[in-house]
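Asker: The primary structure of each chain is shown beneath.
There are 2 protein chains.
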Amino acid sequence: MDLAPALLSGDRRALARAISAVEDQRPGHEAVLAAVASRRCGVPILGITGSPGAGKSTLVSAIVDELRKRERTVAVLAVDPSSPVSGGAVLGDRVRMLDHTDDVGVYVRSVASRGRVGGLAWTTASIVDLLDAAGFDCVIVETVGAGQSEVDIAGIADLTVVVTAPGAGDDVQTLKAGILEVADVLVVNKGDLPGADLARRDLEAMLSLSDGPEVPLLTTTATSGEGVAGLVDFIPSQAGGRAAIIRRTVAAVRATAEHLVREALADDAELTTLAERVVDGETSIDKAASRWVSRAIGEAGPTG
Amino acid sequence: MDLAPALLSGDRRALARAISAVEDQRPGHEAVLAAVASRRCGVPILGITGSPGAGKSTLVSAIVDELRKRERTVAVLAVDPSSPVSGGAVLGDRVRMLDHTDDVGVYVRSVASRGRVGGLAWTTASIVDLLDAAGFDCVIVETVGAGQSEVDIAGIADLTVVVTAPGAGDDVQTLKAGILEVADVLVVNKGDLPGADLARRDLEAMLSLSDGPEVPLLTTTATSGEGVAGLVDFIPSQAGGRAAIIRRTVAAVRATAEHLVREALADDAELTTLAERVVDGETSIDKAASRWVSRAIGEAGPTG
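Going down the list, the sequences are from chains A and B.
In terms of numbering that gives the first Met the number 0, the first sequence opens at residue 0 and continues consecutively.
In terms of numbering that gives the first Met the number 0, the second sequence opens at residue 0 and continues consecutively.
Treat the hints as calculated values from the structure; they're not laboratory data.
These figures come from a predicted structure and were not determined experimentally.
A hint or two may mislead.
The list cannot tell twin chains apart, which means a pair is met if one copy fits it or any two copies do.
The calculated EDC-like cross-link candidates involving lysine to aspartate or glutamate, where the alpha carbons are at most 20 Å apart (straight line), are [to be verified]:
id, residue 1, residue 2
1, 286, 275
2, 68, 232
3, 286, 23
4, 286, 22
For reference, chain A alone in the conformation it holds in the complex (with noise of 0.2 Å):
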């Protein structure tokens, strides 16, 4: 099969084995990118993230029920930035989107990315790329609240959303300040629980002590879909053309950098070594760091 004319044609089995070609950068790949790269029309792109058992899965579900009562189609794709054994939980929080199985207007797909820090980036905006070509008119990325890699999506998406709930162990404090940083509109899920209220003050307290420009800050109950339409009206209802498929290239291409400097530079064994050549006259620390940065980049470099 031709995967690229089939996948524009709107077949979803094309559409998936090509989402696999690139996630595991099979042979091919970069042909079928090529081939569909026309195609994309600067889809918007919603990013998902926030504490662990916030429902995030839950309100996204809730957001495609909305999007498809709008009669707009939607891909969802979850990213997994952990281990095999969560790869399994995500799998669970997925049977909470088989609702929509039978609707051809909505598409599910989980990544893993275990085992490609550096790649994440890339993968991700490539993938988009796919989904942006077969023709959906909103794409969601949803990634777990725990590290660099949504801080990269929120580079990608066009409107992020930072979800949390009340509750022991995913309140406002597990959320990190980094995370904060980076949502477009916050949203306290599970605004029935009676924990609710007191999660939004503690949110208002915090964005009172940011200077970054305000932030909408939303209350959703996923399960019955209370406040979600409000939550949806940020979407932005157009494609971006050009000038949006450059914008999240832009970002997609600045994650990956940080991804290899970072890579490259957490060797600390090596920066001991050259520390003690520093301090026993043999070279400067602006000579070392340079030599040091100069060395790791060269030996950094993309896997695929």
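Following the hints, complete the assembly by docking chain B onto the known chain A.
Answerer: Leaving out everything else, chain B in the frame of chain A:
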């Protein structure tokens, strides 16, 4: 005058000229650093940073008083990563240190960091080397809490103190999260002001949101000296030897390398050009990222 032997024998004018040579990258500064290297003993380094207007300079003066009561000599290095305009302000702050001008056990020096963001870390580390070799019992490095530089200093310091104070414009809200994270000790200065208890409670609330190690929270009144002895108790009383010198050199090399990379990757114009080439199918995200890093790092490098 041969600077190194004079510096080692306690000549303060030689020390001042050696510092200027390092600061301005004058010919021969590397020879001076090499000549005094074997006389370093891993002097304890106290890093002081925090909100503008928190009374950092007055607090440093009070710390110097307390160290002198304990018969320890001390050098103060004030790093000013700002414009020529506030260079004047720092000079003004230094006037408060005039109490110590007749005391040969105290040495005070301001260094400007303007125009050499990438070199700030290694310049500071090399000047600390000079002060260490000159035989001081303690070195205080004071920075304004306004960016990346004080985080670098925190890496070099053995004990980092973050100072805030009650009052509009310089209370806890102006402390960036990144600064709180580098604190080994938090100080609410101006403890005699009515808002001190409130500032303390605000800080305790912020600390409760952090998942890092417990940070001691002290209250001082630098103008009267109250609480300052308790703060000085946290300064290591012994020089750390070669291990301490290596530790601070690792931090300096790392900070300098990260500056090199950050400066090199800051060129957004080129990034957009590269992203456009990706969008046009001329290259891939991973290759563009790799090329961008390699080219940027190749062009970067120490200025001195």
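Asker: None of the hints should be skipped; say for each whether it holds.
Answerer: Now the hints, each set against the structure:
no.	hint	verdict
1	286 <-> 275	within (13 Å within a copy, 34 Å between copies)
2	68 <-> 232	within (13 Å within a copy, 66 Å between copies)
3	286 <-> 23	between (39 Å within a copy, 17 Å between copies)
4	286 <-> 22	between (39 Å within a copy, 16 Å between copies)
The structure fails none of the hints (numbered hints given earlier).
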